Amino acid sequence: MNIWLGTIQLGVKSLWLHPMRSILTVLGIFIGVASVIWLLAISKGIGDEAQRQIESLGADTIMIRTIKPPSEKMSAQGLTPYGLTREEFDLLSTSIPTVKSSLPIRELRRQFQFKDRKLDGRLVGCTPEYFEVNRLEMQDGHFITDADCFRRETHCVLSAKVAERLFLHEDPIGQRIYMPENQDFYMVVGVLKPKGATAAVGGSMAAQDFTNDVYIPIQTLHQRIGDMVMSVRSGSREGEVIELNQITLRVNEVADVKRTAELVESALSSHSKMEDIAVVVPLELLEQARTTRAMFMVFMGMIAAISLLVGGIGIMNIMLATVTERTREIGIRRALGAKRKDIIRQFLIETSVLSLAGGITGILFGLLCGPAVRGARWLAMEWFPEQMAGLPDVVRTVEPSIVPESIPGAFLISLIVGVVFGIYPAMRAAKMNPIEALRHE
Amino acid sequence: MTQSTINPPFVTKGYACRVVDMKKEYVLKSETVRALRGVTFDVPEGDYVAIMGPSGSGKSTLLNMLGCLDKPTSGSLWLGDDDVAQMNDDQLADIRSKRIGFVFQAYNLIQQLTVVENIQVPLFYQGRSLSKEQHAKTIELAKLVGLGQRLDHRPTQLSGGQQQRVAIARSLVNNPYFILADEPTGNLDSRTTEEILQLFEKLNDEGRTIILVTHEDEVSKRAKRVVRLKDGRLQWDRTNSQEVREAAAKYAIENMPVEE
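The listed protein sequences correspond, in order, to chains G and B. Going by our numbering, the first residue of the first sequence is number 869, and it counts up by one from there. Going by our numbering, the first residue of the second sequence is number 2, and it counts up by one from there.
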């Protein structure tokens, strides 16, 4: 045991003979280890953000959306109804035992008016479940209630933006907004807190944007507006007949999501010919995102590994030079009774001390990743606000999240680098003939 | 561990080492160099032998054999009950750390270590942790060679003579069969040379065996016995009379440059 302690002491002493050289060598490993931790932390931060966006759709939900079928599938004369029906909604919500709750949604583009202020937005017919499924929060008043639905009340809930645009500084609760297309009034019963967009679901849909929404009971919408919607577009009248734009199902347990999604698809198989629906499973998106993130992290890890490799080669380079330089010392030690394995141990310990010093300082610096990134971003915002504004959101908002495994991992890797890249110089030192080594000038 | 032979062919007790018909050949490219062509001599315990010879005589080769840095091609070197010629690399290293005391021309101290640590190097490679007695012994040895006040100095802070005295202390730390000194005064001026030779004489008087390789007559005359090599063979082996030794010592002191 003592010979190890003694050799470690000796190694540190020998390294201190050339402090500058040792520090530069340590720097190679330091950068390698710190970059492993940083790159993993930043890529995890980005991945977490993507995952959070998808999770906000709900991992336990299945969404079935109506999409406009390709024009050749539509009949030439008259209006062809397409998409999800209320009958299907009843079927799905009652016949699949794993479905906990279900939510029908009907969406229309509509103009909203209050006094002389007008705003184009989205009219959403839904049930009270909508509030919970989309994790909305109330600013004021309450969301649509079951009683509203049951009585087909002309009540509406506004998103924060709509309330702000239409009412400016007035209190919207109890006021009535006007929809010119239907010549109809709706009384505001609640205002939502602002909410960011969630991830886009499915290829055909843009990110769900809640900013210009007005919510009313779907029964009211059905009764007062109906399924057929006519709109005037570039001079000709266009229409569509849709009962529901979306059905969102919540499943009892996340484990049931896939099985339930299969059941839903088979239940709705009659739509396959029209290609007028799309089943979106956020869980699948989540898994895809996880795979992407894993690939991203492996890629980042490889880049960091390359820098560690370079650091290791730096160690080997220095140790080879050191071995040549210390040939005489090796000769003396051999003459005084050092065995080959003693010499190997001495040089391996020196490389390990170098790489562990790099490893430990690298880890400490790696742990500063979060504050450092925030600090750098703050400085960049202060000094180059215009350039920063042009950068993608990811750059401006990413919060590095240190991967816990990366710390022991980096430590271990730095030790391995020290040993692996130390072996060759150590062997060279041990192989020297003591007589020739003693004669070396 | 050293390999011990159960029945050495002859008495080894009372001898620091016995060299029996030692031959050494080197193969350099296609040429075979016969450095030693059969050398036989004994070094009794307490002896003080100077090995002399011109370059190419096999002097250095013999030194390497005696120091267990190399193995003879044939023949034997008996250290105690062990034939060094039969040993492997690790066993040789073990013998070096336990039973050989090297003193080199160029001192060969390790630069990053202090005086005390340098003296302890052979003990370090004996594989056991340093006992308190051993540590005390190290300091005693440093005092013996007159460096009791410089225990924590580094070699670069010492003069040549002081460094050589550290090396001598180092050679004594493992209580060796003999001190093997390779031109120990080669790098020193005549005053320091005299100091070192007097130290050797003192150690020899205390019963230490010394083998000293030199090409200087003044130095060899101070030993009890001179072995001269030529062309890989023993040319002669003679004893210096007490008068010769005393005369050489007197001459050295008288001819020492006056200190200014």
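These are computed hints drawn from the structure, not numbers from a lab. Heads up, some of the hints might be wrong.
[Unchecked claim] Derived pair list, reagent style BS3-like, types lysine-lysine, alpha-carbon separation capped at 27 Å:
1. K1299(G) - K99(B)
2. K881(G) - K133(B)
3. K138(B) - K881(G)
[What the hints assert, rightly or not] Cβ-to-Cβ under 7 Å is the rule here; a few derived chain B residues that face chain G:
4. Y16
5. Y27
6. N65
7. A86
8. M88
9. N89
10. A94
11. N109
12. V122
13. K251
14. Y252
15. E255
16. N256
17. M257
Please read all numbers here as calculations on a predicted model, not as lab measurements. Glycine included, C-beta positions come from ideal geometry on N, C-alpha and C.
What are the numbers of the hints that this structure violates, sorted from low to high?
The structure breaks hints 4, 5, 7, 8, 9, 13, 14, 15, 16, 17; every other hint is satisfied.
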